[in-house]
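S.K.: Listed below, chain by chain, are the residues.
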Amino acid sequence: MKKIELLAPAGDLEKLKIAVMYGANAVFIGGKSFSLRSRASNFTYEDIKAGCEFAHLHGAQVHVTCNILPHESDMLGLMDHLKKLEQCGVDAVIAASAHILKMVKQHTKMEAHVSTQETSINSNTVSYWVDNFHVDRVVLGRELSISEIKDICDKSPVDIEAFIHGGMCVSYSGRCMLSNNMTNRDANRGGCAHSCRWNYDLIIDENKINPDDEYFAMSSKDLCAIREIPQMIDAGVDSFKIEGRMKSLHYIATVVKAYRGIIDEYQSTGTVKDYDKYIDAINKAENRQTSYGFLRGNIGVTEQLYNARSEQPTQEFIGIVTKYDKENKIAYIEERNFFKAGSVIEIFGPDKEAVYITVNEIFDKDNNVLDAARHPGEIVHFKCDIELNEYDMMRLVRDENSTK
Amino acid sequence: MRLIASIKSFSHFKDIYNVVDGIVIRNDKFSTSYNTSFEIEEMKEIIEYSKDKQVIIDITTMYTNDLMNELEEFIKFFLEYDVYYLYSDIGCHTLLKKYNIQNKGIYDPKTLITNSYDLNHYLSTGMNALSLSLEIPTSDIDQIISKKKGNVWYKCFGYHQMFHSKRHLISVYEKHLGHKIEMNNDSSYLKEQTRNELYHIVETQHGTLLYRPYVVSMLEKLSTLKSCDYLFMDSMFMNEELFNNALHIYRDTLSNNKNLNESLNELSEMFHIEAGFMNEDSVYIKPEVTR
Numbered sequence: 001m002k003k004i005e006l007l008a009p010a011g012d013l014e015k016l017k018i019a020v021m022y023g024a025n026a027v028f029i030g031g032k033s034f035s036l037r038s039r040a041s042n043f044t045y046e047d048i049k050a051g052c053e054f055a056h057l058h059g060a061q062v063h064v065t066c067n068i069l070p071h072e073s074d075m076l077g078l079m080d081h082l083k084k085l086e087q088c089g090v091d092a093v094i095a096a097s098a099h100i101l102k103m104v105k106q107h108t109k110m111e112a113h114v115s116t117q118e119t120s121i122n123s124n125t126v127s128y129w130v131d132n133f134h135v136d137r138v139v140l141g142r143e144l145s146i147s148e149i150k151d152i153c154d155k156s157p158v159d160i161e162a163f164i165h166g167g168m169c170v171s172y173s174g175r176c177m178l179s180n181n182m183t184n185r186d187a188n189r190g191g192c193a194h195s196c197r198w199n200y201d202l203i204i205d206e207n208k209i210n211p212d213d214e215y216f217a218m219s220s221k222d223l224c225a226i227r228e229i230p231q232m233i234d235a236g237v238d239s240f241k242i243e244g245r246m247k248s249l250h251y252i253a254t255v256v257k258a259y260r261g262i263i264d265e266y267q268s269t270g271t272v273k274d275y276d277k278y279i280d281a282i283n284k285a286e287n288r289q290t291s292y293g294f295l296r297g298n299i300g301v302t303e304q305l306y307n308a309r310s311e312q313p314t315q316e317f318i319g320i321v322t323k324y325d326k327e328n329k330i331a332y333i334e335e336r337n338f339f340k341a342g343s344v345i346e347i348f349g350p351d352k353e354a355v356y357i358t359v360n361e362i363f364d365k366d367n368n369v370l371d372a373a374r375h376p377g378e379i380v381h382f383k384c385d386i387e388l389n390e391y392d393m394m395r396l397v398r399d400e401n402s403t404k
Numbered sequence: 405m406r407l408i409a410s411i412k413s414f415s416h417f418k419d420i421y422n423v424v425d426g427i428v429i430r431n432d433k434f435s436t437s438y439n440t441s442f443e444i445e446e447m448k449e450i451i452e453y454s455k456d457k458q459v460i461i462d463i464t465t466m467y468t469n470d471l472m473n474e475l476e477e478f479i480k481f482f483l484e485y486d487v488y489y490l491y492s493d494i495g496c497h498t499l500l501k502k503y504n505i506q507n508k509g510i511y512d513p514k515t516l517i518t519n520s521y522d523l524n525h526y527l528s529t530g531m532n533a534l535s536l537s538l539e540i541p542t543s544d545i546d547q548i549i550s551k552k553k554g555n556v557w558y559k560c561f562g563y564h565q566m567f568h569s570k571r572h573l574i575s576v577y578e579k580h581l582g583h584k585i586e587m588n589n590d591s592s593y594l595k596e597q598t599r600n601e602l603y604h605i606v607e608t609q610h611g612t613l614l615y616r617p618y619v620v621s622m623l624e625k626l627s628t629l630k631s632c633d634y635l636f637m638d639s640m641f642m643n644e645e646l647f648n649n650a651l652h653i654y655r656d657t658l659s660n661n662k663n664l665n666e667s668l669n670e671l672s673e674m675f676h677i678e679a680g681f682m683n684e685d686s687v688y689i690k691p692e693v694t695r
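Quick note, the sequences are listed as chains A and B, same order.
For the first sequence, counting from 1, position 211 maps to 211 in the numbering used here; every step adds exactly one.
For the second sequence, counting from 1, position 185 maps to 589 in the numbering used here; every step adds exactly one.
If you're looking for bench data, these hints aren't it; they were derived computationally from the structure.
One should not assume that every hint holds.
What the hints assert, rightly or not - Here are the simulated distance ranges between beta carbons:
(1) P157(A) to E484(B): 30 to 40 Å
(2) E586(B) to V301(A): 12 to 22 Å
(3) E678(B) to Y45(A): 35 to 45 Å
Said to hold, decoys possible - Here are the computed lysine to aspartate or glutamate pairs in the DMTMM-like style, where the Cα-Cα straight-line distance is at most 25 Å:
(4) K150(A) to E476(B)
(5) K630(B) to E72(A)
(6) K579(B) to D213(A)
(7) K457(B) to D656(B)
(8) K480(B) to D151(A)
(9) K412(B) to D205(A)
(10) K595(B) to D280(A)
(11) K595(B) to E214(A)
(12) K155(A) to E477(B)
(13) K579(B) to D201(A)
(14) K32(A) to D544(B)
(15) K552(B) to E5(A)
(16) K501(B) to D74(A)
(17) K208(A) to E445(B)
(18) K551(B) to E596(B)
(19) K17(A) to E5(A)
(20) K584(B) to D212(A)
(21) K412(B) to E206(A)
(22) K150(A) to D470(B)
(23) K584(B) to E214(A)
(24) K150(A) to E474(B)
(25) K208(A) to D656(B)
(26) K553(B) to D74(A)
(27) K552(B) to D131(A)
(28) K625(B) to E670(B)
(29) K502(B) to D159(A)
(30) K155(A) to D470(B)
(31) K433(B) to E378(A)
(32) K208(A) to D470(B)
(33) K625(B) to D325(A)
As the list claims (entries may be wrong) - Coverage of chain B stretches by chain A, computed from C-beta distances (three or more under 8 Å per stretch; other residues unrestricted):
(34) 530-540
(35) 583-597
From the three backbone atoms N, C-alpha and C, an ideal C-beta is built for every residue, glycine too.
In isolation and in its complexed conformation, chain A is listed as follows:
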């Protein structure tokens, strides 16, 4: 059976470890230079090296994004950067610049992957990169249906990577100058102001078309391809990409686990019994409305966001297990959000289906009883009869005063 890569985002070393532990076959990260998503907490070389060591130990790969469209002066230090990435153990570089792709192939042993910023949406484009730059993989644009993706996969001599989850550019990625023209922030060098999500009046022949109580909107729902995964596997996609290097630890764990589950289920049984199980799981961490994007063909009203804020409440992430004392049945957790003694919590982990427990008493490191865990980052512990593991996560179901 063909091994399909699940490629997850990681904004820092902790997220990288979580992505790998929850089932990613590879992670993509950004260095301090040459990378978009400039607000993501990008990795130092030390972090990259540690990340590569951790990932390789668990059989996963690390891809580093060098996906800005560099201006003349931005090229300074490129070779030094690439050599350092190679020394850190990086497996692949994702780039939109022809020069960066060329340098990766000519001067390092890392793979060169063509970024989605290049808008590769046909087989001739894949051929251009393979024939002229000898790249190892092409990341497709997000404007393709599954049948179009299949046609490209069938004809491609190299790996094809396709997006399955996360934010959608409304414009063709890499070809948008909206942010730059409106705010002088260059989206193609990591400064996107998301001007496509702002409010506009639509005016035709001097008449405002949108009603007074709403604006014309271009904004798109995020992509969620859970229901399309079997078809995309059958289409021959080599790597499934989850977008979102700025997303939280909880989001990455939840989304990666869901896609890991459905890919494994389909590959091992040839079917998916219950899509809703995976969608419900993702919805616990997904705070934006989602749709299948272009995967079923051109988009309609249900793929756009009108008159609605995209954000929706998610289930609260309260902590991550750092250690479990089997003998005394005590769970040690690093708190992330406030929770009270008496709360019902859901625990899930890389190899653990969701279980629910009530936390009767919470203790600090000196074994003082706490009425609540209220200091994010603090290590607290409580009695837990169910055996837990490092990297297991906890979500609040209801606290002691809740009527839910």
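Given the structure of chain A, go ahead and fit chain B onto it with the hints provided.
M.R.: Then chain B, alone, in the frame of chain A:
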């Protein structure tokens, strides 16, 4: 340096024949957007009339495999002619190479060519010319041109495209509203809630496009322009007579037959002119979004 203009009609071409070195012609099937969609027979007529003028067919939309197959059939109509192709999808280079006419291709990826390294790598694959990004300042353009190993194309005059989506945003919005919107691509605009400018919005069979609110003109950077191999003036959204006047001003000024200041004054009397990114580099990130 060759001065190229997009034409609105055959008669428009005849009117400016002696001013331009070449023309861009468009159609609704393969051009991202267009003033006029020329039929194949009209294109052939223009090509046969053009004699010593360079004819460039705009095929700048983005291609799925199916549309690329249709493009291949389209290109076959022109194999006997000495025509050039302006494209934004690098897959078109592969198609042109199949017919050994990759040297007739001009790659205009809008944003992607921002440095001399990338420019020269692309040029080394055999295309005729590359269009520089409209997001870089003149100082960068000068540096890039000083290192170029082939032809450079630059759009020096016109409304600059700033967004191309595959989504049919107005048609979808029409469905959301539940009533018909009478589209008119010549007079449709978006206005951001906190700004006064009107951005041209155009919907075609290939999606939706947005343009800057005012005409970007590079004429004041005369020495930079003279070092480009192709200067493109786009008549999109413009009155034909005004556009022709601008074309004459550019030609006369580039030929040193007209004083630059006088030309700039004349242009600014005809158009609301803006500088684009000519004088100012953009930034990677600002702490707050300025809306």
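S.K.: Each hint needs a verdict: does it hold in this structure or not?
M.R.: Now the hints, each set against the structure:
no.	hint	verdict
1	P157(A) to E484(B): 30 to 40 Å	holds (33 Å)
2	E586(B) to V301(A): 12 to 22 Å	holds (19 Å)
3	E678(B) to Y45(A): 35 to 45 Å	holds (42 Å)
4	K150(A) to E476(B)	holds (21 Å)
5	K630(B) to E72(A)	holds (21 Å)
6	K579(B) to D213(A)	holds (17 Å)
7	K457(B) to D656(B)	holds (18 Å)
8	K480(B) to D151(A)	holds (23 Å)
9	K412(B) to D205(A)	holds (21 Å)
10	K595(B) to D280(A)	violated (38 Å)
11	K595(B) to E214(A)	holds (13 Å)
12	K155(A) to E477(B)	holds (20 Å)
13	K579(B) to D201(A)	holds (17 Å)
14	K32(A) to D544(B)	holds (23 Å)
15	K552(B) to E5(A)	violated (40 Å)
16	K501(B) to D74(A)	violated (32 Å)
17	K208(A) to E445(B)	violated (39 Å)
18	K551(B) to E596(B)	violated (40 Å)
19	K17(A) to E5(A)	holds (17 Å)
20	K584(B) to D212(A)	holds (17 Å)
21	K412(B) to E206(A)	holds (24 Å)
22	K150(A) to D470(B)	holds (13 Å)
23	K584(B) to E214(A)	holds (17 Å)
24	K150(A) to E474(B)	holds (19 Å)
25	K208(A) to D656(B)	violated (41 Å)
26	K553(B) to D74(A)	holds (20 Å)
27	K552(B) to D131(A)	holds (23 Å)
28	K625(B) to E670(B)	holds (16 Å)
29	K502(B) to D159(A)	holds (23 Å)
30	K155(A) to D470(B)	holds (13 Å)
31	K433(B) to E378(A)	violated (62 Å)
32	K208(A) to D470(B)	violated (37 Å)
33	K625(B) to D325(A)	violated (72 Å)
34	530-540	holds (count 4)
35	583-597	holds (count 11)
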